[in-house]
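Work out the full structure, taking the sequences as your base and the hints as a guide.
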Amino acid sequence: MTREFKQFDIICANDEVNSISDHHYVSASNSLSASATKQIMKEWRILEKNLPDSIFVRVYEGRVDLLRAVIIGPTGTPYHDGLFFFDIQVPSNYPASPPKVHYRSFGYTLNPNLYSSGKVCLSLLNTWSGHENQKWNPSQSTILQVLVSIQGLVLNARPYYNEPGNGSYSSSSQYYRKISSSYNEDVFIMSCKTMMATLNRPPKSFEEFVSRHFRDRASSILVACNAYVNGQANIGSPVTTTATAETTSLTSTKFKMEVAFQYPRLVDSFMKNGSPLEIIELLDASKEMRKELGKERDRRNRCNEKICMLVVGIYVLVCVIIVVTVKIWASNSKSISNE
Numbered sequence: 001m002t003r004e005f006k007q008f009d010i011i012c013a014n015d016e017v018n019s020i021s022d023h024h025y026v027s028a029s030n031s032l033s034a035s036a037t038k039q040i041m042k043e044w045r046i047l048e049k050n051l052p053d054s055i056f057v058r059v060y061e062g063r064v065d066l067l068r069a070v071i072i073g074p075t076g077t078p079y080h081d082g083l084f085f086f087d088i089q090v091p092s093n094y095p096a097s098p099p100k101v102h103y104r105s106f107g108y109t110l111n112p113n114l115y116s117s118g119k120v121c122l123s124l125l126n127t128w129s130g131h132e133n134q135k136w137n138p139s140q141s142t143i144l145q146v147l148v149s150i151q152g153l154v155l156n157a158r159p160y161y162n163e164p165g166n167g168s169y170s171s172s173s174q175y176y177r178k179i180s181s182s183y184n185e186d187v188f189i190m191s192c193k194t195m196m197a198t199l200n201r202p203p204k205s206f207e208e209f210v211s212r213h214f215r216d217r218a219s220s221i222l223v224a225c226n227a228y229v230n231g232q233a234n235i236g237s238p239v240t241t242t243a244t245a246e247t248t249s250l251t252s253t254k255f256k257m258e259v260a261f262q263y264p265r266l267v268d269s270f271m272k273n274g275s276p277l278e279i280i281e282l283l284d285a286s287k288e289m290r291k292e293l294g295k296e297r298d299r300r301n302r303c304n305e306k307i308c309m310l311v312v313g314i315y316v317l318v319c320v321i322i323v324v325t326v327k328i329w330a331s332n333s334k335s336i337s338n339e
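Heads up, the sequence shown is in full-length UniProt numbering, so the first residue is 1 and it goes up one at a time.
Note that these hints are calculated values from the structure, not bench results. Do not rely on the hints blindly, as some may be mistaken.
Restraint-style ranges between C-beta atoms, simulated for each label pair [to be verified]:
| hint | residue 1 | residue 2 | range |
| --- | --- | --- | --- |
| 1 | S29 | P264 | 41 to 49 Å |
| 2 | V323 | R265 | 30 to 38 Å |
| 3 | H131 | M41 | 25 to 33 Å |
| 4 | V316 | S220 | 50 to 58 Å |
| 5 | S92 | R45 | 43 to 51 Å |
| 6 | H131 | I10 | 34 to 42 Å |
| 7 | V316 | S219 | 52 to 60 Å |
| 8 | G118 | S97 | 28 to 36 Å |
| 9 | Y176 | K49 | 22 to 30 Å |
| 10 | K38 | Y175 | 50 to 58 Å |
Straight-line Cα separation of at most 30 Å, DSS-like style, residue types lysine-lysine; simulated pairs [stated by the list, open to error]:
| hint | residue 1 | residue 2 |
| --- | --- | --- |
| 11 | K100 | K38 |
| 12 | K178 | K100 |
| 13 | K204 | K193 |
| 14 | K49 | K254 |
| 15 | K42 | K100 |
| 16 | K193 | K38 |
| 17 | K49 | K135 |
Each residue gets a CB set at the ideal place from its N, CA and C atoms; glycine is no exception.
Structure below.
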């Protein structure tokens, strides 16, 4: 019987199984004041009792200043079914200063607030501009609030508008909706790449969780990929097995080509992780997907060839007109000089 993976757990950081050697802040100073340690113990209890179902946290006996959290990508967003890990360190003067948070990006940028370097930009962490009431408040703010804010404000349905200046654009504008949709396409691709990187290098103490999560979610992730490519759903929208293809495409050809490229790699990663053999059937969908996209690419190439021929024809015609015009001008000039 598989044991339950607790949402919150205190583990020993010194044994090989639960080593914190891969924690981003493992080498940082861990000297804490008595008041900071007391506050951390209080927050452990808050986390244990109040974590949302989609957030899991590990804290360490030997390093009470360190935490590791994973947030499951919310449904209705391009982050759905993904796992997003954050390494956290509590500073020595906590809670006077906010915790330090590092996003395990694997080198991918999938949100304006989550840099590929791992930096997390959030008003609550004082790393992002915002109103005074949105910033860290030593008497009220908690680590739980930080995690919930990342889940709700960062990993949202329209991350394009998180970019500085973009928030003022109207989401009702067709132009900006199109840009936002294109951004979501890129985000979903980066999320898929992050899934594979996480399976390949799961953070310590979460190996079992990562493996089980993707065994459970593999089919739904692949079904979503097919639905997005086939025009059955917008990225992040609920996908059902009974959905029928739309008459117009909901995603770009560029996105479809990228999904067709990543899809068999996803299947391979899920199979190596022990997903049911049934997902092999979904690999056949990848072959059909690539076949159809190949036809689309050929059609576009033929169209481009025709356009090139037309441009060349126009260019030749213009050159002929110029030559004829010059000859006429030269002839007229000669006639005038003879007179």
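| Is 22 to 30 Å a correct range for the gap between the Cβ atoms of Y176 and K49? | 41 Å, violated
| field | Cβ separation of S29 and P264, checked against the hinted range 41 to 49 Å | value | Holds, at about 46 Å.
| task | Take a quick look at whether K204 and K193 sit within 30 Å of each other, Cα to Cα. | result | 19 Å, holds
| request: Just tell me: holds or violated, for the beta carbon distance of V323 and R265 against 30 to 38 Å? | output: Given about 55 Å between the Cβ atoms, the range is violated.
| field | Satisfaction of hint between K254 and K49, Cα-Cα up to 30 Å | value | 45 Å, violated
| Between K193 and K38, is the straight-line Cα distance small enough, at 30 Å or below? | 40 Å, violated
| field | Hint consistency between K49 and K135 [alpha-carbon to alpha-carbon, up to 30 Å] | value | Roughly 24 Å separates the two Cα atoms, so the pair holds.
| Has the given pair, K42 with K100, been kept, meaning a C-alpha gap of at most 30 Å? | At roughly 18 Å apart (the allowed maximum being 30 Å), K100 and K42 satisfy the hint.
| field | Range hint compliance [Cβ, H131 to M41, 25 to 33 Å] | value | For M41 against H131, whose Cβ atoms are near 31 Å apart, the range 25 to 33 Å holds.
| task | Kindly confirm whether 50 to 58 Å is satisfied by the beta carbon distance between V316 and S220. | result | Since V316 and S220 have Cβ atoms about 56 Å apart, the given range 50 to 58 Å holds.
| message | For the hint 52 to 60 Å, verify it against the beta carbon of V316 and that of S219. | response | 56 Å, holds
| message | Tell me if the straight-line CA distance from K100 to K38 falls inside 30 Å. | response | With a Cα-Cα distance of about 18 Å, the restraint between K100 and K38 holds, given a limit of 30 Å.
Checked against the numbered hints above, the structure breaks hints 2, 5, 8, 9, 12, 14, 16 and satisfies the rest.
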